[in-house]
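Sequences listed follow chains A and B, in order.
For the first sequence, the working numbering begins at -14 and goes up steadily by one.
For the second sequence, the working numbering begins at 369 and goes up steadily by one.
A couple of the hints might just be wrong.
Stated by the list, open to error - Lysine-lysine pairs mimicking DSSO-like chemistry, simulated, CA-CA at most 27 Å apart:
| hint | chain 1 | residue 1 | chain 2 | residue 2 |
| --- | --- | --- | --- | --- |
| 1 | B | Lys531 | A | Lys80 |
| 2 | A | Lys98 | A | Lys80 |
| 3 | A | Lys37 | B | Lys548 |
Worth flagging that the hints you see were computed from the coordinates, not collected in a lab.
The model shown is predicted, which means the values in this text are computed figures rather than measured ones.
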Amino acid sequence: MYKLFLITIIIISIPSYGMDNHGNHNHSDHHHNHQHDSNAGVDGSLTQLDEKMYQQFISDINDGQVAIVDVNGMVCDFCARGIEKTFYRDEMVKKIRVSLESGKVLIAYSNSKKISFEEIAKIFLDNGQTAVGFELRKL
Amino acid sequence: MGIYNKLIIFFVSVLISEITISRPISWSGGSTFMYKSNSMISSYYYHFSPSYKYSLGVEYINDRYFNNQYVSLKSTYLLGRSNTKFSQGNLYFTGGLSTKSSKEYYYGIHGDWETRRWFTSFSQLDKNTSTHDYTEREIQLGFAPYLGEYDELHSWIMLKTKKDTINDNWQTYPFLKFFKGDYLMEIGTKDSHWDFHYMIRF
Chain A
-14 MYKLFLITII
-4 IISIPSYGMD
6 NHGNHNHSDH
16 HHNHQHDSNA
26 GVDGSLTQLD
36 EKMYQQFISD
46 INDGQVAIVD
56 VNGMVCDFCA
66 RGIEKTFYRD
76 EMVKKIRVSL
86 ESGKVLIAYS
96 NSKKISFEEI
106 AKIFLDNGQT
116 AVGFELRKL
Chain B
369 MGIYNKLIIF
379 FVSVLISEIT
389 ISRPISWSGG
399 STFMYKSNSM
409 ISSYYYHFSP
419 SYKYSLGVEY
429 INDRYFNNQY
439 VSLKSTYLLG
449 RSNTKFSQGN
459 LYFTGGLSTK
469 SSKEYYYGIH
479 GDWETRRWFT
489 SFSQLDKNTS
499 THDYTEREIQ
509 LGFAPYLGEY
519 DELHSWIMLK
529 TKKDTINDNW
539 QTYPFLKFFK
549 GDYLMEIGTK
559 DSHWDFHYMI
569 RF
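Isolated chain A (complex conformation):
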């Protein structure tokens, strides 16, 4: 029983050996797609954003820019706690909203912040998740 279970888990884990590579792979693959224009979609994998959630998120923000990040591996609340903690280290981050259901994280920055997908992806990688795409909206 144990051996069968062990084999199953290892098979499931096989793609993981490219974890870092996987993250970096996405990182480089999407690099050329990045656009920082208002309301620009930057990645084909970006799933539909719940506009109601977005409107609620920006309801108390007067100006700035919002990065909507598609995140893989964000399945556990307890494991995602570091996302807020590490993003808030940046003084230009005004607000964060994590949605486990949609696999998205909304990050509101001040206007003076030069947003880089590479920087965002690195923070997610440091937290154990993989950022696979993002969209930037200016308020």
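Dock chain B against the given chain A, drawing on the hints supplied.
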């Protein structure tokens, strides 16, 4: 083998395995504090993750049954991680060394895979004490009866089964896991005793 030695190994194995495999690495720069208590021992475990790839920890153990107190140094290394839209899988190498004797140490692998609804994990640890060397294997299965959103209370119904090469029989028992925010709690019962595990991340 005497019952005394079996009891020592049993309690040490329970202590090491259950604490080691629970969220063994935090985010880069993150810390975790754990407290565990059961009918025989209590322990305080702190680990720090300089990187998302590994953690370093120290644990103070109070063995009330044998009136023994000692400190153990531990480390866990992330061998690989698989992130998909709906799941995460991890494979770790872990090891520890008692400060009381260089002959008391353990090492092994631990893997887990989870979605928002299901959780599975396994571990195999080779343990060496001053009197015996043995292997312990463990499997956990978990089910979330409802899907909580971020910042809500999350509840899991868990089942754990474990076996070591000394007793050579599987022991299976249920427990409940709850977490909200930075706090996690596990509570279960085994052989008419309550096991309690508390964790905070910061």
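#### Entry: Hint numbers contradicted by this structure
The structure breaks only hint 1.
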